Structures are given as C-alpha cells and as structure tokens.
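Heads up: the protein sequence lines correspond to chains A and B, in order.
When we follow the working numbering, the leftmost residue of the first sequence carries the number 10, and every step to the right adds one.
When we follow the working numbering, the leftmost residue of the second sequence carries the number 244, and every step to the right adds one.
Calculated from the structure, these hints are not laboratory results.
Since this is a predicted model, take the numbers as computed values, not measurements.
Pairs of lysine to aspartate or glutamate, EDC-like flavour, derived with a Cα cap of 16 Å:
hint: 1; chain 1: A; residue 1: K16; chain 2: A; residue 2: D276
hint: 2; chain 1: A; residue 1: K264; chain 2: A; residue 2: D231
hint: 3; chain 1: B; residue 1: K437; chain 2: A; residue 2: D142
hint: 4; chain 1: A; residue 1: K264; chain 2: A; residue 2: D234
hint: 5; chain 1: B; residue 1: K437; chain 2: A; residue 2: E72
hint: 6; chain 1: A; residue 1: K264; chain 2: A; residue 2: D275
Per label pair, the in silico range of CB-to-CB distance:
hint: 7; chain 1: B; residue 1: A282; chain 2: A; residue 2: E211; range: 31 to 37 Å
hint: 8; chain 1: B; residue 1: D428; chain 2: A; residue 2: R379; range: 36 to 42 Å
hint: 9; chain 1: A; residue 1: G418; chain 2: B; residue 2: Q385; range: 47 to 53 Å
hint: 10; chain 1: A; residue 1: D404; chain 2: B; residue 2: S594; range: 55 to 61 Å
hint: 11; chain 1: B; residue 1: P380; chain 2: A; residue 2: S324; range: 48 to 54 Å
hint: 12; chain 1: B; residue 1: D428; chain 2: A; residue 2: S290; range: 54 to 60 Å
hint: 13; chain 1: A; residue 1: G205; chain 2: B; residue 2: A282; range: 37 to 43 Å
Positions of the beta carbon are idealized from the N, C-alpha and C atoms, including for glycine.
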Amino acid sequence: MTGKPLKQIHLAAHFPGVNNTTVWNDPASGSQIDFDSFEHFARTAERGRFDYLFLAEGLRLREHRGRIHDLDVVGRPNTLAILAALAAITEHIGLVGTLSSTFNEPYELARQLQTLDLLSGGRAGWNVVTSSDAFTGANFRRGGFLDYADRYLRSGEFIDVAREVWDSWDSAALVADTSAGRFLADDALHRIDHHGPQFDVEGYGTLPRSPQGHPVIVQAGDSADGRDFAAAYAEVIFSRHSEFDAGRAFYEDVKSRLAAHGRGRDDLKILPAVTFVLGDSEEEARERSREIALQQVSPQTAIAFLEQVWGRELSAYDPDGPLPDVEPDLGGANITRGRVRHDRDPGAIAQSWRELAEAEGLSIRELVIRVSSRHSFVGTPQHVAEELNRYVQGDAADGFVIVGHLTPGGLDEFADTVIPELQERGVFRTDYPEGATLRELLGVRPPVPLPVAVPAAVLAEERV
Amino acid sequence: MTSRPFALVVELDGHGAHPAAWHADGRTTRGLLRGARVAETVRAAERAGFTAATFEDAPLAPGLSHGARVDAVQRAAFAAPLTSAIGLIPVTHAVYAEPFHLATQLATADFASSGRAGWIVGVDPDARIAASSGREPVDAAQAAADASATVEVARRLWDSWEDDAAIRDTASWRYLDRERVHYIDFEGESFSVKGPSIIPRPPQGQLPIIADASAGVPADVALVASSANATVSAARAAGAGLVWLELEVALDHAGLTGAERVARLDAHEPWAVGPFGRYLGDAAGLVELLTGLLGQVDGVRLRPAVLDEDLDELGRAVLPALRRAGAHTPPAVGATLRESLGLPASVNRYSTKAVTA
Chain A
10 MTGKPLKQIH
20 LAAHFPGVNN
30 TTVWNDPASG
40 SQIDFDSFEH
50 FARTAERGRF
60 DYLFLAEGLR
70 LREHRGRIHD
80 LDVVGRPNTL
90 AILAALAAIT
100 EHIGLVGTLS
110 STFNEPYELA
120 RQLQTLDLLS
130 GGRAGWNVVT
140 SSDAFTGANF
150 RRGGFLDYAD
160 RYLRSGEFID
170 VAREVWDSWD
180 SAALVADTSA
190 GRFLADDALH
200 RIDHHGPQFD
210 VEGYGTLPRS
220 PQGHPVIVQA
230 GDSADGRDFA
240 AAYAEVIFSR
250 HSEFDAGRAF
260 YEDVKSRLAA
270 HGRGRDDLKI
280 LPAVTFVLGD
290 SEEEARERSR
300 EIALQQVSPQ
310 TAIAFLEQVW
320 GRELSAYDPD
330 GPLPDVEPDL
340 GGANITRGRV
350 RHDRDPGAIA
360 QSWRELAEAE
370 GLSIRELVIR
380 VSSRHSFVGT
390 PQHVAEELNR
400 YVQGDAADGF
410 VIVGHLTPGG
420 LDEFADTVIP
430 ELQERGVFRT
440 DYPEGATLRE
450 LLGVRPPVPL
460 PVAVPAAVLA
470 EERV
Chain B
244 MTSRPFALVV
254 ELDGHGAHPA
264 AWHADGRTTR
274 GLLRGARVAE
284 TVRAAERAGF
294 TAATFEDAPL
304 APGLSHGARV
314 DAVQRAAFAA
324 PLTSAIGLIP
334 VTHAVYAEPF
344 HLATQLATAD
354 FASSGRAGWI
364 VGVDPDARIA
374 ASSGREPVDA
384 AQAAADASAT
394 VEVARRLWDS
404 WEDDAAIRDT
414 ASWRYLDRER
424 VHYIDFEGES
434 FSVKGPSIIP
444 RPPQGQLPII
454 ADASAGVPAD
464 VALVASSANA
474 TVSAARAAGA
484 GLVWLELEVA
494 LDHAGLTGAE
504 RVARLDAHEP
514 WAVGPFGRYL
524 GDAAGLVELL
534 TGLLGQVDGV
544 RLRPAVLDED
554 LDELGRAVLP
564 ALRRAGAHTP
574 PAVGATLRES
584 LGLPASVNRY
594 STKAVTA
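Pulled out of the complex, with its shape left as it was, chain B reads as follows (with noise of 0.2 Å):
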C-alpha cells in the first residue's frame, strides 16, 4: 500500500536548533547570514541526500541568547541555482502578509529551482509582527481564517495563467492568448484580490503546502510532533494528503555521545523540551526507529541540534543506511518537488480545455 517515497527532510536554520548551538561550532554569526553559509549547508543537505530542506523564518528580532535570521523565501531563492535535486520550503508567515507578494514570491523561487519549491504556512497572530506591519492584531481563530485565505489566494494566483498562455503568435503579433489568463476575484473577509497573477503558472503548478496539523489551515502536509496513530488519522482526516513527524536530533560525534554533547550545550543554555520528539544516540538506534515509521508517517523533518556536526553525521551513517535498507531515495536531479514527495501532478482549477485522464 505504501509505494509512497518516505520523505526525508532537514531544517536548515542558523547553527541548529539547540539554543546555545552557536556555543559548539566555532562560528563567528556574522558568517551564519551570509550567502555563502546558505550555499555550504543547502549544498551538504543536497549531498546527503535529503528530499527536501526547510528553513525557518523570524519576523521579529530575536532574543539575546540566540540567532538572527534573513528573509527565509530569499534564502530559498539564493539556493534554488547552487541546488538540483533537493525540495527548497520556506516558512512565511502568512498571517499579516501581503497575500499577492507571497505567492509571486514563492512562484519566481520554483521557476528559479526548476520545479522544487513549497511552503510551510507560518500561522502567528503574535501581536507584535502586527505591530511592526502596522496591521491590526488578530486572535488566533482570525488568524488561522486569514491565513487559509493567504493560501486559497495563493493557489487561485498560480492557477491563474494556464500552461499555454504565452502563444508568441508571430501571425496575429499577438504575445499572450488572454483567454488562458483568468481573474481570479478573491472577495474574503479581511482582503480581497483581483488578479491574475504577474508571473506565469510555476513549473510544479501548485506548489506543495506544508502545515502543521494544529495550524487549521489546508495543506498538502501536515506536521505533527507525534506518530502516534489517533495523531495521524486525525490529520489525514482534516484533508492532508501526507504527514510529517517532527523530530529534533542530537547524534553521538567526535567521541561523545548526544546526551553528552546536549548536556555541555545545556550548562550554557537549556534546550527547553518543547512539543517534539527528541532522539540522543547513534545512527544506527536513528536508523531503526526511522525504519519503524514507514508505512505510519510519509516523512520525517529532522531538526539538527548543532546543524554542522549533525547534518554530518546524518549523510555520513544515517542516509546512507537507509538508502541500503530500501527506506530512502535520494530524490533524482531534476525532479520536482511534488515528484519526490508522490503528490500527483496538480490540475489547473481554471483550465478551459478537457481534462485528459
């Protein structure tokens, strides 16, 4: 029944995920928001063969323990040319956004990647991003209405060219059909848009949409922070195609141990548990217990603790392993991101010709 590929996918924000990771890997931060940065970790991701890499935005300053981050969908950008194997998925918060940017951006991205571009839909009525946008707060239920429209304006925005629009009819001097241009006349609570889009339809027509499963938002994933079956029917259930646990990693290195390693990381700042699974171990304990999520989840989204060491150790024994196991395929150069992950081709809601089956 699971002839679905098993998604394996790696955050890539900052120096990891342990606050104090920065502490470990002897980097000055300065070089953590250069381009150069993003190339070296998308490049080692692409390398150890995961399906696809996130990374993690920050609309508000961050705190004074830990990183910086730049504009998470340019970073996505930056590493689409450097990449051709590897999904490239942004967060953006969709929230106070401006709906018709959002999409045009994360568009141009999956033109500039060839077809490897999604979107994890930022869901945060945090007061404060309204204030720094100069939009009014909203509370978490408006927030979540708001951002599903951002998303319907999204999906309406990409289907909005079809295919074919751009006929270059030498004959009539005629560029564009615009019959195969649509309005798309968005009319929700808090913001209506017109259309069409400025840029054609994205390689991948629909990008994949990636939520977490308590966002309240409809995706083509759902993140949840536990397997546990009730968890993952009830997020099949709300419409999501696929489901991706959450999963933060420390790996034994260098000669000690992961709980060893987290622990010097602690005395500096503790890594607070927050809602996900934690693994501390060898790759091989991480080998079998991802081996023993296939067939319940359609992917894993590892959050390295000190992204340097672990994204190291993960191409060095954990992918490789998993490769041999038959559990993983590294995904092909070329492909798009829907291929890698076994979403079906997406049809164009718009589309004024027959649908061949």
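Chain A extracted, bound-state conformation (with noise of 0.2 Å):
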C-alpha cells in the first residue's frame, strides 16, 4: 500500500477564557485565579503530551452598555508572570501566552520573553495581537495611539526589533573565562540601533541566546493582511476555521502564502480553536453537549448576546421568545467593549438569523446557542480522535487549540480518553522527546534563518 504518510497532530491546551464558552456556574468549576487551577491544567495537558498550553488576554474589563459585563467569568492573572510560575512546575509542555504589541515595548517585552524561554529551558512562545482601541489604551501611558490600519504595520516592526533583541549576543558571547577574567567575549554584542516608524530602539540585549533563539511565535489573523503577515512571521496560526470545508479553504490559502516568504509549507502549522463534549454513547454526548449550551447561554447572556448586533438596549424581550421586530440601531455597534468586533454588517447579521429562527422554529436563547455555542466535535472518545484524525490527513488543519469548558478539570477527559485514540492511531506523540524545545515539538524552522549557529551541545546544556 502507498500513499502519503501520516501526518502527525499538534495540540494546544487553551486555558478557558474570559467568555461565556466557560462556564463557571457548575458545581466542577473552580477559580479562574488561584494557581492551583493553573497547576492542574498545566499537569493535565502535560500528561497528555499537548504541544503547548495557551492563555489568552485582556487588558481591560469587558463592558456592556456602559457598565462592566458581569454575566461572564472575569479576571485573569498577568500572562507572563503566570506562565514564569507554570515554568517551574512543568518540564516539557510549551508555554504560550498572548501579548500585546500595541500595550507593550519591544525591548522590554523581548526582554521577558527571553526571560521565560531561558527559565523554562526553551518552551516560550508569544501569540500576538495588536489591539488599537482607546478603550483598552485607557490603562496604558499612551492611550488609543494607534490606527486600526496601522496594527499589523506595529506588530511587524514590533517583532523586527524583537529579533534585534534576541540576536543581539552571539551564541559564543558569554565565556566566564576565569583565566582570562573575562565574562563576556569581545565584539560579542551587537548594538541595537532601531528607528522607524512605530519605534526608536538604542541599546544593547541584556541576556543570552535563550535556547530557542527566537520564541515560537503565534498568529491569529484572518484578514487577507492577517494571512500575510502570518505567512511572513507565524510558526502557529491560531485560526478560527474549525468546520472541515472552510478549515481545508483557509489550510490551502495560508500554505500557498509562505513560500513568497522563502518558507516551506511545514513552517507554519494551522491550529483552529475547536471546542468537545464526550460521552460513552453519541447520544449520551448529545445529551452533555444540549446542557452545557444551556449553561454556557443563560437567558441574560443570550439578550446580551443579540443586543451587541442589534446597538439596543433588548431586556424587555423574552429570551424564550422570538427574535426582535425591530431593527438594528446601526449608530450603536460599540454597545460592547473590550472584546473581538463583529466586522458584518449588523443589518445582515440580524436579517440571516431571523430567518434561521423561522426555519428552524428557535427562540432568542435557542438561536444564540446555536449560532455561538456549537460544539466543534462531540461524541465518543473514538468517534471524536477520528474526526480529529480526519482534519489533519484531509488538510483542513494541522492540530487543534482543545478549548475545554471548565476550570481547571476541563481537559482531564479528553486527556485521558482522546489522547489514547490518537496515539492508537499512531498520529500523536506518546511521549515528549527528551530536552526537545517547543519549536522541536511543533516542527518549524524559524521565519528567518538564526545569525549565527548555535552548536548542539551548547543548547543541550541550557536546556537541562
């Protein structure tokens, strides 16, 4: 028998969000904060062999018409502090956290990251995003600096300078030659001298190679500019794609960029967020998946759920009702504030759901489940592996960012059943090769090639 050989599946664990795909009223769910929720997530996606862990960002409280949203989860730890902490506990899992490029300095936050990737032995990585709304600019010295046109101009130059950063010492600076007295070679730091449009840079690195060089980077734009400027930067695309026919679209338009970049098709892996519900029957997960919908979409949450299309105060509308005869207020699109915009036309929006309640018979809370709370994969462990499987040998992905819906047991079942069936199937690692970094375990060269070699045995050194 021929044919391809089988491709191997990458997994991210995604610590559950600031969104009401988390659900926080059931008894299981504990807190969002305390480090022992993180702890136990971290030791779970270890134990089933994921990629990396991923935590999300906000930087400032979502608002809902002029007041703090507070039918969701709220509050986070700081990425990076968090993510130093999962270092000491964790050996081998990838640590990804989202920064902004926009809230943050490029000396500094490179800094960090180098930080985390010398702390944890080579595991760091950055997903980046670049928000530009004053709203959230609100926290920061600089306030709503930055043109909405202008944010992948900002991350680009933001991860050039970055770069400039990590390799600003040689791999061979650092030679704490005692004989000699010296600790640092000659000529072995290069001067930052940065300037253009989004920032001025003059300095020098303060640290290292770390060993992976550059941490991985992470992408999650879907514009034509986003698709771009992941082609030219991204090692991951955390990609919103998670149906089979517009994953493998998105996988074949994304793949076809890199090599303009002078990268090859493995360079950059294709992740979508996908969610599950198991259980030991189909029906039984069907079952599951009904009430955590209804969990996930409380009467309120589905109100305020259709009020950010429709720019209205709805609170006088029955959730178990139809859907609203009025039309959209088209001055009120920022009703929400503080997370990820809508970018159709309301008018549009409000007109295809009506007609799908009408089809469908649905009521406000039923169709809001629906049209936000499907569950990506539901089923039996094996049904759900298979599915899996199938995306990644079909091409309409290269993994999956797992989004569980509780904190922090949330992946313990898919750990524990999923996992096995991938690896039965011989697609999915059964353990972490020794000393690998998270570039190793993804399986991606760097977007430009590293300045000076770094000897094997010196990686193998800092990784211990």
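Combine the two chains into a complex, taking the hints into account.
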C-alpha cells in the first residue's frame, strides 16, 4: 500500500477564557485565578503530551452598555508572570501567552520572553495580538494611539525589533573565562539601533541567546493582511476555521502564501480553536452538549449577545420568545467593548438570524446557542479522535487548540480518553522527546535563519 | 515595645555581591540563568529560615566582567510554586515601565505564592533605560515623581476589586457584582490609568512595598545603609513603617577567613566599597552584630559576597544561632509576607462595606 505517511497532530490546550464558553456555575467549576487551577490544567496538558498550553489576554475588563460585563467569568492573571510560575512545575510542555504589541514596548517584552525561554529551557511562545482601541488604551501610558489600519505595521516592526534584541548577543558571547578574567567575549554584543515609524530603540540586549533563539510566534489574523502577516512572521496560526470545508480553504490559502516568504509548507502550523463534548455513547454526548450549551447561554447572556448585534437595549424581550422585530441600531455598534468586534454588517446578521430562527422554530436563547455555542466535536472518544484525525489528514488543519469549558478539570477527560485514541492511531506522540524545545515539538523552523549557528552541545546544556 | 518580628532578608543575585564571585563558585554562567539555579538558591534560602529573598533586576546589558540577569518578577513568580514560607521580593524599575503591567505582574506573583510577594521599587532615571524602551529620559526629581505615581497606580489597582466581587450568583446568572469593582481614574503628570485591574485583589490586598530611603518613594519598608539613629529616624519620619539595614557579608568558609576570601576575589576584580556596610568575619561575630541591631532597625538585608558559599554558612551557623537566641523566627508555612513582617492587614480603600474594627 502506498500513499502519504500519516501527518502527526499538534495540540494546544487553551486555559478556559474570559467569555461565555467557560461555564462558571457548574459544581465542578473552580477558581479562574488561583494558582492551583493553573497547576491542575498544566499538569493535565503535560500528561496528555500536548505541544503547548495557551493563555489569552485582556487588558481591560469588558463592558456592555457602558457597564462592566458581569455575566461571564471576569478577571485573569498577568500572562508572563503565570507562565513563569508554570515553567517551574512543568518540564516538557510549551508555554504560550498572548501579549499585546500595542500596549508593550519591544525591548522590554523581548527581554521578558527571553527570560521565559531561559527559565523554561526553550519552551516559550508568544501569541502576537495588536488591538488598537482607545478603550483598552485608557489603561496605558500612550492611550489609544494606534490607527486600526496600522496594526500589522506595528506588530511587524515590533517583531523585527524583538528579533534584534534576541540576536544581539552572539551565541558564544558568554565565555566566563576565569583565567582571562572575562565574562563576555570581545565584540560579542551587537548594538541595537532601530529607528522606524513605530519605534526608536537604542542599546544592547541584556541576556545571552535563549535556547530557542527566537521564541515561537503564534498569530490569529484572518483578513488578507493578517494571513500575509502570519506567512511572513508566524510559526503557528490560531485559526477560527473549525469546520472541515472552511478549514481546508483557509489551510490552502495560507500555506500557498509561504513560498513568497521563502518558507516551507511545514514551517507554519495551522491550529483551529475547537470545543468538544464527550460521552460513552453518541446519544449521551449529544445530551451533555445540550446541557452545557444551556449553561453557556443563560437567558441574560442570550439577550446581551443579541444586543451586541442590535446595538440597543433588548431587556424587554423574552429569551424564550421570538427574535426582536425592531431593526438593529447601526449607530449603537460599540455597545460592547473590550472584545473582538463583529466584522459583518449588523443588519445582514440580524436578517440571517431571523431566517434561521424562523426556519428551525428557534427562540432567542435557542438561536444564540445555535449560532454561538455549537460544540465542534461531540461524541465518543473514538469518534472525536477519528474526526480530529480526518481533519488533519484531509489538510483542514495541522492540529487543534483544544478549548475546554470548565476550569480546572475541563481537559482531564480529553487527556484521558481522546489522547490514547490518537496515540493508538499513530498520529500523536506517546512521549516527549527528551529536552525538546517548543519549536522542535512543533517541527517548525524559524522564519528567518538564526544569524549564528548555535552548537547543539551548547543548546543541550542550556536545556537541562 | 519591639514585639515586631526581626526580618532577615537575603539578596539572591547571580553568583553573589562580589563582582568576581563567578571566579569562586566554579559554575558556568549559562547555568546561572536557568530555572534550576533560581530553584536551588531560593530553596536554600527558605531552608536557612530567611524571612524573604530579594531578586535584583537589570534593565541594561551587563558589563564585560560580570553577570546578566533574567527578569526579576518572572524569577519571583518562578520561585513561588517551589516554596511555601519565604517572602519573594523582586526589584522592578518603576520610572519607564508600564504601570498597569507592573501592577498585574506583581499581583499574579502574589497569587502564585499565596500571599508572599513584595516589591522593591527601582528608581533609576538612567537615560539608557529610556532609550531602550523608547521613552523620553527624565531627571532624578521627575523619576521619583513618576515612580511614586506608579506606586499609587499599583496600590489603587490592587484595591480595585473588593475581595468578594466574584459572587457567582446562580440565581441571577451573574458572575460578578460590578458594584464591587472600581475604576481607579488615576490622572498623573506623566500618565493616566483608568482601571479596574484585570486580576482580582491579591491575597495580601496590598503587597509590601520596599524602597531605598533616599528614593523619594512612599514605601512600607525603607532600606538604609546605616543603622545610625539619625538615618533610621529620618526614614521613619518619612513614613516608612519598617526600616531594614543593607549589609554586605563574607563569612569565614572552608578554612579561609572572610577577609582572605575577599582578597582572593579582589585580585580578579576589586569589590568597590559602596554605600553599604560590610561584615567580614566569623559567624559568631555576625550573630553578635545582628543581635545588637534588635530594637534599632526592623530587619537586615544581607548581600552575600559569594552566594553559594555564604548562603551555606548563613544557613548552617548564623540563622540557627539567632533562632536559639530568640532574635529571629523563620516565617511560618502559609503565612503571608505582611504577616511575616508584622505589617497590619490592609484595608481596601474602595470598600463599600463598613470596616469592622
């Protein structure tokens, strides 16, 4: 029998986020903040041999109709500090955090990512996001300084400067030669002298090359500009295309952009975010999926969700009744702030939802569940593993970002039942290679060659 | 009058305070920047019974003769799950940093350590730090003002959630009582911050804030270079509840006196005399010196010449003797840093409920 060898699946574990996917009113739901929750989650992900764990970020509490949104979980720790703490209690798993290129400065953030890479022995990754809203800017020195159109300009130049920092020490810079009394080799530090539209940075990097040289770059852009940006800079795309056909189209589009940047198709991995519900039978899984969706979309959440599109208060409407007959208020588009914005025309969305509700006889709450809380994979562990593998072998993805709905135990069942199914099919690692960096786990080369080859022996020493 | 605990604090920087310390300890410098090194030193300090460990930071490149440092807050966070009693106090430079990130990083270190984090406020106006972070350089007076503003922002952000703000009310489907989460609306000369924080109030409420007595920053603990009455009184008059003396130490070790050890290292690179006092000698002499400070200052921060060698002696001979003499009690497992230092529980400035006495 001939044919392509089986692709290996790459998996990331998403710590349950600050949104209504995360269920907080279940008896099994624990703290979103206490370190115990992060420790439990990280240990499960490492036991499941995941490539990396992933943390989202929000730099201002979300608001809805001018008040702090109170229906979902609220609050989260600082990304860098919690990843540093997790580095201490894990050995193999990658540690990827979302960090803003708008509300950070590149020299400082590059040093912090380098710190994480050093402390963790080469397991650091950075999901680059570039928000541009003045709402979030109110918490930061520069306020809302960035035009929406300039967001990729900013993040591209940010990464360029970060790379200058990461490359500013030769790999053999640290000699610590006691006989000559020298700590650093001559001419081993290269001066950073960057002057561009976004940044003026001068100085020297403060640290030697970290084990990965450049931490892994993750990106979530979806527009044409975003896809080009990812093809130029990223090693992982955190994609939203979780359905097979849309996934295949996105996959082919992005992979075809890589050659223009001198990169191979394997050097950028595409991982859609997916949810899952498991059961001993298909029926049981479907029943659990329905119950979880009702927890995720409370009557109040359903109304608030509609208000985001309608741009007006809808609290007088019955969540168990039909959709509002009033039209969306186009001037009220900013009713919800601090979350990803809808990029479609509200009028068109409202119209398509009305048609869907009418065709299927859905109430407001049922409609919101239908459009916002469908679980990507529902079934027995065997079925879910089969589906995940079908996506990957069918080039709709290289793997997945697995999003559980409960903190901290939401990943346990997946790790205990689905992972062994994938391992049995020969498409997922049964153990971590000793001392592997995150880049090696993912099988990606850096987008730009490292300027100085780091001897393998030195890297091996650093990883201990 | 002094029922207040006497704090023994140790700086865990690199190879040690002596600039040639790396000649003595036979370690590769690469190993110095690894997690394993942080784990090893902080565990040794906890075993020795220190009240807290401090972590120096370096926002600029090292010189050609001495060490590089990884980010101090991340080192403290890394140390948090590996320890259970010792306080963890990073230096963070507050002049050019982003106050919101700084406050949430420290709050997170406090959560990860179950209430054992503190903060040494770095007030360094060095124009090179400004150049690397793309900010306009400021003079010393403005640096103190901006660092003080950063402290104020952090304090307000830490209070911006009341302790019971996450109500998880299943009846109303509300996770949060938004009346118990507050905008801080800080408007400063150099920056403004709206708030609230993205992370709930840390376990200690307010982390202990530590600053050099001369830095011009309001702090819970002032660091002084001399135990002279005038110096200590001035620091107390400036508002510090506690005063710690800075002291460099090189103890007799492995058949060499402290002075001999320092002389050997000085041959590579001299240990310049800075503002701090320096003790060279045997453990008994240091015990006597520290016992004599009881009642004058509230604690001492020791800067060991060579970390591995001096930390070993401190844990073996100095802290046990102080314990036996009743001069020092190691921090209790599970105690917060505020508790270990004898600072009162912090009251939330935004509390909507009547404060009970």
